[in-house]
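Protein chains in written order, with the UniProt record's numbering: chain A, 1 to 409; chain B, 1 to 409.
The set of hints was computed from the structure by calculation and includes no laboratory data.
Quantities reported herein were computed from a predicted structural model and do not represent experimental measurements.
Mixed in with the good hints there might be a few duds.
[To be verified] Cross-link-like lysine to aspartate or glutamate pairs, in silico, DMTMM-like; alpha carbons within 20 Å at most:
#1 A:Lys35 x A:Glu16
#2 B:Lys303 x A:Glu247
#3 A:Lys303 x B:Glu247
#4 B:Lys35 x B:Asp58
#5 A:Lys289 x A:Glu322
#6 B:Lys153 x B:Glu247
2 protein chains.
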Amino acid sequence: MTPNDRAERIIARCRELARISDVEGETTRLFLSPKTRDAHTLLSWWMREAGLEARTDDIGNLRAVRRSAHDDAPTLVLFSHIDTVPNAGAFDGPLGVILGLEAIAALAQTPLPFHIELIAFSEEEGVRFAFPFLSSRAAVGELTDEHLAHTDKDGITVADALRNFDLDPARIATTAPFASNTFAAIEVHIEQGPVLESENAFIAVVEAIVGQSRLSFTFEGQANHAGTTPMALRHDALVAAAHFIIEVDNYASNHRQLVATVGRIEALPGAMNVVPGTVTCTLDVRHPKDESRHAAVAHLVTKAQAAGEHRGVKVKATLLSEQRAVPMDHALTQKLHAAAERAGHDALQLFSGAGHDSMIVASHVPTTMLFVRSPGGISHNPAEDIRAEDVEAALGTLVNLLLHLHPHQ
Amino acid sequence: MTPNDRAERIIARCRELARISDVEGETTRLFLSPKTRDAHTLLSWWMREAGLEARTDDIGNLRAVRRSAHDDAPTLVLFSHIDTVPNAGAFDGPLGVILGLEAIAALAQTPLPFHIELIAFSEEEGVRFAFPFLSSRAAVGELTDEHLAHTDKDGITVADALRNFDLDPARIATTAPFASNTFAAIEVHIEQGPVLESENAFIAVVEAIVGQSRLSFTFEGQANHAGTTPMALRHDALVAAAHFIIEVDNYASNHRQLVATVGRIEALPGAMNVVPGTVTCTLDVRHPKDESRHAAVAHLVTKAQAAGEHRGVKVKATLLSEQRAVPMDHALTQKLHAAAERAGHDALQLFSGAGHDSMIVASHVPTTMLFVRSPGGISHNPAEDIRAEDVEAALGTLVNLLLHLHPHQ
Numbered sequence: 001m002t003p004n005d006r007a008e009r010i011i012a013r014c015r016e017l018a019r020i021s022d023v024e025g026e027t028t029r030l031f032l033s034p035k036t037r038d039a040h041t042l043l044s045w046w047m048r049e050a051g052l053e054a055r056t057d058d059i060g061n062l063r064a065v066r067r068s069a070h071d072d073a074p075t076l077v078l079f080s081h082i083d084t085v086p087n088a089g090a091f092d093g094p095l096g097v098i099l100g101l102e103a104i105a106a107l108a109q110t111p112l113p114f115h116i117e118l119i120a121f122s123e124e125e126g127v128r129f130a131f132p133f134l135s136s137r138a139a140v141g142e143l144t145d146e147h148l149a150h151t152d153k154d155g156i157t158v159a160d161a162l163r164n165f166d167l168d169p170a171r172i173a174t175t176a177p178f179a180s181n182t183f184a185a186i187e188v189h190i191e192q193g194p195v196l197e198s199e200n201a202f203i204a205v206v207e208a209i210v211g212q213s214r215l216s217f218t219f220e221g222q223a224n225h226a227g228t229t230p231m232a233l234r235h236d237a238l239v240a241a242a243h244f245i246i247e248v249d250n251y252a253s254n255h256r257q258l259v260a261t262v263g264r265i266e267a268l269p270g271a272m273n274v275v276p277g278t279v280t281c282t283l284d285v286r287h288p289k290d291e292s293r294h295a296a297v298a299h300l301v302t303k304a305q306a307a308g309e310h311r312g313v314k315v316k317a318t319l320l321s322e323q324r325a326v327p328m329d330h331a332l333t334q335k336l337h338a339a340a341e342r343a344g345h346d347a348l349q350l351f352s353g354a355g356h357d358s359m360i361v362a363s364h365v366p367t368t369m370l371f372v373r374s375p376g377g378i379s380h381n382p383a384e385d386i387r388a389e390d391v392e393a394a395l396g397t398l399v400n401l402l403l404h405l406h407p408h409q
Numbered sequence: 001m002t003p004n005d006r007a008e009r010i011i012a013r014c015r016e017l018a019r020i021s022d023v024e025g026e027t028t029r030l031f032l033s034p035k036t037r038d039a040h041t042l043l044s045w046w047m048r049e050a051g052l053e054a055r056t057d058d059i060g061n062l063r064a065v066r067r068s069a070h071d072d073a074p075t076l077v078l079f080s081h082i083d084t085v086p087n088a089g090a091f092d093g094p095l096g097v098i099l100g101l102e103a104i105a106a107l108a109q110t111p112l113p114f115h116i117e118l119i120a121f122s123e124e125e126g127v128r129f130a131f132p133f134l135s136s137r138a139a140v141g142e143l144t145d146e147h148l149a150h151t152d153k154d155g156i157t158v159a160d161a162l163r164n165f166d167l168d169p170a171r172i173a174t175t176a177p178f179a180s181n182t183f184a185a186i187e188v189h190i191e192q193g194p195v196l197e198s199e200n201a202f203i204a205v206v207e208a209i210v211g212q213s214r215l216s217f218t219f220e221g222q223a224n225h226a227g228t229t230p231m232a233l234r235h236d237a238l239v240a241a242a243h244f245i246i247e248v249d250n251y252a253s254n255h256r257q258l259v260a261t262v263g264r265i266e267a268l269p270g271a272m273n274v275v276p277g278t279v280t281c282t283l284d285v286r287h288p289k290d291e292s293r294h295a296a297v298a299h300l301v302t303k304a305q306a307a308g309e310h311r312g313v314k315v316k317a318t319l320l321s322e323q324r325a326v327p328m329d330h331a332l333t334q335k336l337h338a339a340a341e342r343a344g345h346d347a348l349q350l351f352s353g354a355g356h357d358s359m360i361v362a363s364h365v366p367t368t369m370l371f372v373r374s375p376g377g378i379s380h381n382p383a384e385d386i387r388a389e390d391v392e393a394a395l396g397t398l399v400n401l402l403l404h405l406h407p408h409q
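Bound conformation, chain A alone:
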């Protein structure tokens, strides 16, 4: 097969897998849904074609090992996830698994000084239990009884969902962890953003997954009659919030690598003829450096308060959640760059603005990510697409890495 044939096969397989859906006519595969079994059946078949024998561990991950001739060789993990958001595209997740499998197929009989374990994680998106990364947490031994007690919208716990899928939660600690001699982990994923496309690049090596702060703001002014209240006597919560929204946009636009978003807003009482008395909105701030993120949050909270003060509007900011930035392994990232170069591709350096299983894995195993261009930056959407030349570049880079990687260098 030519590299292009392999790229086309990867895309075709992603699209084939995307037809297996909990909801007919779209691609929706929630964690441990009945259709997940069909996805496993198809993936297992493709693994067998590549000479691998698949097993399912007790958190529902499908995994297979390409063994080195040296039984006591260390293990490299290639992974991504196969659960999806509702009405998803075909590539967010499955690409990393199917491309990993294709890389193994491309290696053919080439002897390597390490085993390769390919893992299709069962739960990354956090949709069914409103909590993400359950299966990668299990792989690194971080899944707790508390996690197993989370319930879905029907009140089913994670533990019961596993049992209903013929899995045994008591055996997770035995069957789910990475091999103890795992020395590196690599996740190939679509970018899910527009940067590669805007830079005319095919692939990128990820330096870090950004840290994230989420806040909610309440602007408390005074609801008044829109006809009888002169402008000078108003305490318009929406005008104060609008000044804040513009500050957020200005500040983030003027600080490299920072993104900040007001995604939700509600103005009450919400009548055409009433000056808004109360506005609530959210703020999402992300940056690869935690100090920069903290500085941004502090600055924007101050600006919100100033926007309110001018207008007699009280502002309350509440921190909802915070996630530290997770750097990828520097040495492994450099090796991935070198592999891209050797394969004839100029990989960008990027930060991942979205969360990935790699965030969980990286604190236990040297980890890195390879991003593949997302046409139009579109993801979490049936219109999610991928270009064969980009897949070819990613595959060439990964294969080149595998051929040159030495566990102890």
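Starting from the known structure of chain A, arrange chain B on it as the hints suggest.
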């Protein structure tokens, strides 16, 4: 009775009437509700105490005439409404009726060269049939079959609601119109705004009821991942809308007598981690001069489009409704001013930013309005209040006007 006794009685009666409510524990009296009968009973009793005989016309207005000794004398109308918004205060509407009655009582036997008709309009707020001023329209002969076919939330038409109240819609044209020799009409009303309070004034004479334009705006950008989309590649509909909201506030703040309000806003998809792709919001613009209002609307539509253009956000503006400004009768307004002065009060000149029955009446009969200070500017709220000294000033002004008014001067 002293003037202060009369003011206290007006306030006590308003509060007594406010206890008659469709919903226990609040003040809610919708057009033709069963409790409206009780309100009529109480008002009729007070009218009888003042020597007047009440009748109900076929749109549900309660009315009574203080007759001049000259049978063929012309008629002056004192009016306001007694329907309320849901969970209303005690003074919005009833004050004008009860104060009018007190003015008549204060006249005692003083002969006047005109009849005085006191009218408690049945429908001003537009709550039950989502359409306002039904009863003043009937009084000026503007009520149409189309109005009678409007339905409430239970599907009951205005015509049927009248019949259920033992009224005859076919007789509206006979029983509801003003006497044909009506030469002036005066509405006393709470300000429902904060201007009198901020100017330390008791009362104001209304020069005009402002014109009003209502628009809806759609900002159509692109929904994107809040983590993976750099600021420079966003088409954030909410940021564009925020710039527009600030333009609205700035422009109106810099133009005398203009008020402009964005009262409703919705951002979609409305997720914390998604850049808003679509924002819809409303704009309410009011000004006593129609040209100034039109200029404001045109300017703000242009500014909305400019705010979108910078960010690749398409903006669509839709005119929802438009109401022309209604000037009060100049001569009558001057006479009311003079009466206030004679009574020892310094009445402000104000524009009414809210709609009133006077808007309807003014195009048929020389009309003016007298505003009474609203503590805190609060209205449409159980906390709506009034001060006795302000009521005394309004009563003194009205009585003085009645004593000096000559129909043909």
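Okay, the hints, checked on the actual structure:
Pair hint lysine 35 (chain A) plus glutamate 16 (chain A) holds up; C-alpha atoms about 13 Å apart against a cutoff of 20 Å. Distance restraint check for lysine 303 (chain B) and glutamate 247 (chain A): the Cα-Cα separation of roughly 19 Å lies within the 20 Å cut-off, and the hinted pair is therefore satisfied. Among the hinted pairs, lysine 303 (chain A) with glutamate 247 (chain B) is consistent with the structure: their alpha-carbon atoms are about 19 Å apart, no more than 20 Å. For the given pair, lysine 35 (chain B) sits about 17 Å from aspartate 58 (chain B) by alpha-carbon distance, which is consistent with the 20 Å threshold.
Proposed proximity of lysine 289 (chain A) and glutamate 322 (chain A) is supported: the alpha carbons are some 13 Å apart, at most 20 Å. For the suggested pair lysine 153 (chain B) and glutamate 247 (chain B), the alpha carbons sit about 37 Å apart, so the restraint of at most 20 Å is broken.
When held up to the earlier numbered hints, the structure conflicts with hint 6 and nothing else.
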